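Residues per chain, in single letters:
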Amino acid sequence: MTLLSPLSDIHEIGIYGNIENKTESNLLEISEETLKSIYQITKFKNSDSSLTNLSIRDLQISNNPMIVKSNLKTRILWTGPNQWLIISDDKILEDELKIFDSNNFAVTDLSHTRAIINIKGENSLEVLKKGCPYNFNNLKKNMSINSVYHSIAVTIDFIEENPYAMRIMCLRSFGESLYHSITDACLEYGYKAI
Amino acid sequence: MLHIKCPYCGLRSQKEFSYGGDANVKRPKLNAEVTDKEWDDFVYMRKSPKGHHLELWHHTSGCRQWIKVKRDTITHEIYQTAKIEEQIS
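Protein chains in written order, with the numbering used here: chain V, 1 to 194; chain Y, 1001 to 1089.
Keep in mind the hints are simulated off the structure, nothing from the lab. Predicted, not measured: the structure shown is a model, and the values here were computed from it. Using N, Cα and C, we set each Cβ at its ideal position, and we do this for glycine too. Check before you lean on any hint, since a few could be wrong.
[To be verified] Below, a sample of chain Y positions facing chain V; criterion: calculated Cβ distance under 8 Å: (1) 1008; (2) 1009; (3) 1012; (4) 1013; (5) 1015; (6) 1016; (7) 1061; (8) 1062; (9) 1063; (10) 1064; (11) 1065.
Required output: the full structure, derived from the provided sequences and hints.
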């Protein structure tokens, strides 16, 4: 089976927008991220299972709102009370997920159900502010939010601060619309699609 | 635009929320005898107060939790928000 990425029809490598008097290093970088493993973990409402000592790849699961636990390859995003998104560069094995017992947790494989856009550069926050009503002054490195971007429900993961690097995720079917919105907002600053 | 303080996520734009109706309405107890009038009241009859109003909102594009909101129907000022299981004064 051929694997088609959600943005394969519209993401074209090149340099776009206002690039006059700018070096390539000053431009925003837009890229599509594919082949990520995404798992949603939900603790059942009637479960009294404790979260202490519950960790995956040495990352502790916690209920701290908007906090992301991360290492080089894996990030665990808090997406709501007792709900997390595990995003990893490599495949998460079934054995690793066995710590979430089926009496207390629901584990859902969401890989390939999301379009993921990476945006990097000093104006990344300005691009996000154009379409998202969240007050980005409150968002710091290793935090994530669920919000909307031009009315599309998105998850924004703040990966790096200097320079800014963000991962924006939405449902796969909204990917192209979101990509258009993001790249339109980037034109003012000039961007490099990689 | 309104800003609503989600008890889980903090201050967020109204765009992320969906209105869920009057928070004072109580569903008749399951399997209890209910008259047509009581059922009619539950399904259709709503007060339309001028001033403070206790409402349910759903943080649809955020943490997906139902919350309680005490809002002024004239000024739209939001006095208090709480988790669904919490009491609001």
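Consistency of the hints with the structure:
1. 1008: Hint holds; residue 1008 of chain Y Cβ to chain V Cβ min 6 Å, cut 8 Å.
2. 1009: At about 6 Å, which falls below the 8 Å cut-off, the nearest Cβ of chain V leaves the hint on residue 1009 of chain Y intact, so it holds.
3. 1012: 7 Å, holds
4. 1013: At about 3 Å, which falls below the 8 Å cut-off, the nearest Cβ of chain V leaves the hint on residue 1013 of chain Y intact, so it holds.
5. 1015: 5 Å, holds
6. 1016: 6 Å, holds
7. 1061: At 5 Å from the nearest chain V Cβ, residue 1061 of chain Y passes the 8 Å test, so the hint holds.
8. 1062: 5 Å, holds
9. 1063: 4 Å, holds
10. 1064: 5 Å, holds
11. 1065: 6 Å, holds
When the structure is compared with the earlier hints, no violation turns up for any of them.
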